[in-house]
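Once you've looked at the hints, dock chains B, C and D with the ligands against the given chain A.
These protein sequence lines are chains A, B, C and D, in that order. Heads up: the first sequence at position 206 corresponds to 206 in this note's numbering, and the numbers run straight through without jumps. Heads up: the second sequence at position 132 corresponds to 132 in this note's numbering, and the numbers run straight through without jumps. Heads up: the third sequence at position 15 corresponds to 15 in this note's numbering, and the numbers run straight through without jumps. Heads up: the fourth sequence at position 201 corresponds to 201 in this note's numbering, and the numbers run straight through without jumps.
Note that these hints are calculated values from the structure, not bench results. Any given hint might turn out to be false.
[Said to hold, decoys possible] Pairs of lysine-lysine, PhoX-like flavour, derived with a Cα cap of 25 Å:
hint : chain 1 : residue 1 : chain 2 : residue 2
1    : A       : LYS211    : C       : LYS24
2    : B       : LYS25     : A       : LYS2
3    : A       : LYS2      : D       : LYS125
4    : B       : LYS68     : A       : LYS68
5    : B       : LYS68     : A       : LYS25
6    : B       : LYS2      : A       : LYS68
7    : B       : LYS2      : A       : LYS239
8    : B       : LYS10     : A       : LYS2
9    : A       : LYS331    : B       : LYS2
10   : B       : LYS25     : A       : LYS239
11   : B       : LYS10     : A       : LYS68
12   : A       : LYS181    : A       : LYS25
13   : A       : LYS229    : B       : LYS10
14   : A       : LYS25     : B       : LYS211
15   : B       : LYS211    : D       : LYS24
16   : D       : LYS8      : A       : LYS10
17   : A       : LYS2      : B       : LYS211
18   : B       : LYS2      : C       : LYS24
19   : B       : LYS25     : A       : LYS331
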Amino acid sequence: VKKFLNDPDKIVEEMLDGVVRAHRKYLSPIDKSNRALIARDGPRSGKVGLVIGGGSGHEPGFLGYVGKGLADAVAVGNIFSSPPPIPILHCAKAASGGEGVLFVYGNYAGDVMNFEMAAEMAETAGIPIRTVLTTDDITSSPIEDRDGRRGVAGNFFTFKIAGAACDRGLSLGLCEAVTRKANMRTFTVGVALEACSMPQTQRPNFEIGAKDIEFGMGIHGEPGVIREKMISADEIVDKVMDRIFAEMKAVEGSRVAVLVNSFGATPMMELYVLFRRVEQRLSAKGIAIEANWIGHYCTSLDMVGASISIMELDEELTGLLHHPCDTAVLKIT
Amino acid sequence: VKKFLNDPDKIVEEMLDGVVRAHRKYLSPIDKSNRALIARDGPRSGKVGLVIGGGSGHEPGFLGYVGKGLADAVAVGNIFSSPPPIPILHCAKAASGGEGVLFVYGNYAGDVMNFEMAAEMAETAGIPIRTVLTTDDITSSPIEDRDGRRGVAGNFFTFKIAGAACDRGLSLGLCEAVTRKANMRTFTVGVALEACSMPQTQRPNFEIGAKDIEFGMGIHGEPGVIREKMISADEIVDKVMDRIFAEMKAVEGSRVAVLVNSFGATPMMELYVLFRRVEQRLSAKGIAIEANWIGHYCTSLDMVGASISIMELDEELTGLLHHPCDTAVLKIT
Amino acid sequence: MAENDARKLNRMFNRISSLIATEKDYLTELDGAIGDADHGITMLLGFGAVSSELARSDLDDMPPSAVMTIAASVFLNAVGASTGPLYATAFLHAAKALELRQSLDAAGQVAVLQAIALGIQERGKGQRGDKTMLDTWIPAAEAGGAALERASGPAELWRDVVTAGEGGAMATRSMVAVRGRAARLGERSLGHVDPGAASAVLILKAMTEVFTD
Amino acid sequence: MAENDARKLNRMFNRISSLIATEKDYLTELDGAIGDADHGITMLLGFGAVSSELARSDLDDMPPSAVMTIAASVFLNAVGASTGPLYATAFLHAAKALELRQSLDAAGQVAVLQAIALGIQERGKGQRGDKTMLDTWIPAAEAGGAALERASGPAELWRDVVTAGEGGAMATRSMVAVRGRAARLGERSLGHVDPGAASAVLILKAMTEVFTD
Ligand SMILES: Nc1ncnc2c1ncn2[C@@H]1O[C@H](COP(=O)(O)OP(=O)(O)O)[C@@H](O)[C@H]1O
Ligand SMILES: Nc1ncnc2c1ncn2[C@@H]1O[C@H](COP(=O)(O)OP(=O)(O)O)[C@@H](O)[C@H]1O
Ligand SMILES: [Mg+2]
Ligand SMILES: [Mg+2]
Ligand SMILES: [Mg+2]
Ligand SMILES: [Mg+2]
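Next comes chain A alone, as it looks inside the complex (with noise of 0.2 Å):
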């Protein structure tokens, strides 16, 4: 598998470089290190910070969704890897404005580790922590361990109400109580067609049939949780709307936001034939779209394939959700 690629153990240094000189207007390295990155118009005095952050490979996220309005602070490991504690540390800091900070990341066991170190060591330096993880993967646990199950792009969600939370200047624990709603509302699933593969071996993780695809699909290349016959796009969409509908509970006149994700190699026009029958799906049960997204949100390499979040949304989560936000993937106004 070729890429675009200089030294394979350079190139989440190179990555951040790039980062860090096309979105100036956004963000900048706190402490020289591009692990760890502040917003130019985030923290101030009275807000609560929001910190998020996870290993690289998953890029426009999460450095896409530092900015005014969202997350105050980004911390960047190495390829679908945690970053370690030092870092976090120095987004917390360097997000604080004196009422604490919001942790918010995917729930893994390595980023829960790393940013758990990271906390003990913020509220030993006095910055109050509160962490939320994500969990929106439906297919990676039962739902009798919806705290088991791991964060993938429903995270987008997740992080957009807890930044406009922030914004609005509630306070840690309202933040922190809202961040969790968004995320308990948030279902995802996704499909792979074709492994990733990493820059150090250039070759496919693993092997997924020709005729075959994965179900309950990671952002880190792992495989599957189950492996089926190819089918057609609208029955991929009617499985995962089948398993996301037996979670949900919205029902007629309820109010959701969609996003349709490339997990990066699937191309714009199939995500749009996906979201076609997304919002067949939907408007056959009455069901209407606040708001949707389609395009490279949260990506893992260049994964052939995509997944489906659905956010349900009430009172207080459709307004989160439009409150202004300006970064360098979402700008809201």
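Chains B, C and D with the ligands in isolation, oriented as in the chain A frame:
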């Protein structure tokens, strides 16, 4: 090559169905056909109308550039095929605000023939038409044949300038003139690592060797202008920038806009690595980047590859570049 | 009841559609080598649409020129692309030629061939040697004219036409393209048959079947 | 001049780095089957960074506990991931154990083993049978303790340790993962050796080389 697909012969219709549902806020079909889409907040009396268009397979081009401050209407063809004259004519009529209509599209035999037929029909219907063909692909023909070159991702800049000029209420002649200037100052080179595959065939249009790279790549999955041995990301950018510097008049102190565009399957991590080197090369020459875009702007189905476009700015172009717009893909406030 | 000219043309378009359906992958592969790999798809779409439209039309009292006019507009609107305007213009020219004579005798058939070649030249501003469909159509039309002058029978006439067209198409293999997408490839287009020239040969073969049986 | 304990540990980390470098692709492949295909990359990055840092340090007067403290912080900051906190905590525990005794004799070596196993358990809240690196470390530490009680010599002690560790690693093949990424795979993780368990065996082998020569 697996794709999210129902019937390959219906993919364009299904995609457009998805597009129209997803982007209701920005566009709607003219006369019920999704092959001609009009901006909800675009045409107005006293303003020159801007009509863009071309084949499908370039998503989010070109329909993502329809909206306030940018294009008023887009005509959509089959995959890699110009739209026929009728939808173009519908666009012209719907975009017309009494001051004439500007056509801006890529310089391809098919597009030229179809848009010219539509222009004749529009003129017959009393709508003055001016046309600017985009010709930014500097590898597609030698400098002596500047007008014979094809238009590729640099049309992003040319559309933007044209849209701003129209929105500012300039006359048809002035809109045409500044759009022509934008095109003449835009330089693109594309490279591909893997060919794309059509929904109908689901196999690569042609083979690029495992250790080869194509230079001078178009956006229709055609083979490139020359095949070379695979080299590092920085070396690739150096070759591209050397070609661009050979044509560009920019000198120390000049300002440019930069677009690093994925052809579909190349993920953003790699685009940032490319951008890093572009920025290094420009700043080594004392050329400043006024604005940059990095992502999926003008794709070629699932092609693995990227293009680099540079627009040399002057005061007028800088102002028009920053002029506000609000479309599905590009929002400038 | 003898088949009227409109029905004959209808049969011709049906044969074109099926020959192109059979060779769709081959045409697409040719286009993949030097173009954008859609020629088979585009041609089938266009001629398929023409056949469907004619199947819905009342051909009993339709003059042959009207069939060509319908074909022109349906083909154009179904495909766009390069081939849309080229064949639409070609068929409009053919319609005009048939309006003048309203007969599909040998002279009418050759007039159609010549009108197609001329229409494509006019719309695409190309000529022989550009490595396009014209490298099939121009020699084919010339061969038709020559056979007519020699007063050849239909079998001989169409054999000459197809031979000339095929020869022209094969010759594109050693041409460097100067029109259409392939023109950007320069020397790299050498060694490949032009897809538009190849599909034009299929059209000639379909015409031969219908006009010689 | 005899090698001091700090230099011995330095040599140990160098051996770990080179064994992992040799097996990097294998570890990454194991992780590709049930995880995210980066374990070899991560481990080499971490231990490579430790080796480099130690190469820059003055080891002459450094107590062995200090070496482990450096290793903990360098490893953690170089890799993050799951292995960062796990091995960092493990090495911090080892440093504490060495602070108490400041000697790398057999009892000190086993204390290090036990501290590592305990540190990983503490940080990752895991246990034997979860299909993780603990399936190597716990039996290895137990075997070390038992050998020490039997007053085995270093060769025998380390042979027992490696055998126990290898046995534990192999046993992960028939386990269903309950920790780390592989846990999402459920039954699909069956039949694959856990990458973290496999790399732990390499660490044991490197320790064996250094502590038995
Ligand atoms: N100017 C022209 N004159 C005559 N034929 C042309 C011209 N441009 C292109 N062609 C023909 O069109 C063919 C390509 O058709 P097609 O693949 O359907 O359209 P597109 O190039 O839009 O994808 C070429 O092989 C060539 O024969
Ligand atoms: N909670 C845990 N306790 C012990 N070991 C764990 C735990 N979680 C993961 N591991 C180990 O970590 C290994 C994966 O390490 P690595 O691939 O470097 O990290 P990541 O999972 O972040 O990509 C697994 O094979 C497993 O042995
Ligand atoms: Mg990892
Ligand atoms: Mg085409
Ligand atoms: Mg073509
Ligand atoms: Mg891993």
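Now for the hints, and whether the structure bears them out:
{"no.": "1", "hint": "LYS211(A) <-> LYS24(C)", "verdict": "24 Å, holds"}
{"no.": "2", "hint": "LYS25(B) <-> LYS2(A)", "verdict": "39 Å, violated"}
{"no.": "3", "hint": "LYS2(A) <-> LYS125(D)", "verdict": "40 Å, violated"}
{"no.": "4", "hint": "LYS68(B) <-> LYS68(A)", "verdict": "24 Å, holds"}
{"no.": "5", "hint": "LYS68(B) <-> LYS25(A)", "verdict": "24 Å, holds"}
{"no.": "6", "hint": "LYS2(B) <-> LYS68(A)", "verdict": "39 Å, violated"}
{"no.": "7", "hint": "LYS2(B) <-> LYS239(A)", "verdict": "18 Å, holds"}
{"no.": "8", "hint": "LYS10(B) <-> LYS2(A)", "verdict": "32 Å, violated"}
{"no.": "9", "hint": "LYS331(A) <-> LYS2(B)", "verdict": "33 Å, violated"}
{"no.": "10", "hint": "LYS25(B) <-> LYS239(A)", "verdict": "29 Å, violated"}
{"no.": "11", "hint": "LYS10(B) <-> LYS68(A)", "verdict": "41 Å, violated"}
{"no.": "12", "hint": "LYS181(A) <-> LYS25(A)", "verdict": "31 Å, violated"}
{"no.": "13", "hint": "LYS229(A) <-> LYS10(B)", "verdict": "22 Å, holds"}
{"no.": "14", "hint": "LYS25(A) <-> LYS211(B)", "verdict": "38 Å, violated"}
{"no.": "15", "hint": "LYS211(B) <-> LYS24(D)", "verdict": "24 Å, holds"}
{"no.": "16", "hint": "LYS8(D) <-> LYS10(A)", "verdict": "31 Å, violated"}
{"no.": "17", "hint": "LYS2(A) <-> LYS211(B)", "verdict": "8 Å, holds"}
{"no.": "18", "hint": "LYS2(B) <-> LYS24(C)", "verdict": "21 Å, holds"}
{"no.": "19", "hint": "LYS25(B) <-> LYS331(A)", "verdict": "15 Å, holds"}
Violated hints for the displayed structure, listed by number in ascending order: 2, 3, 6, 8, 9, 10, 11, 12, 14 and 16.
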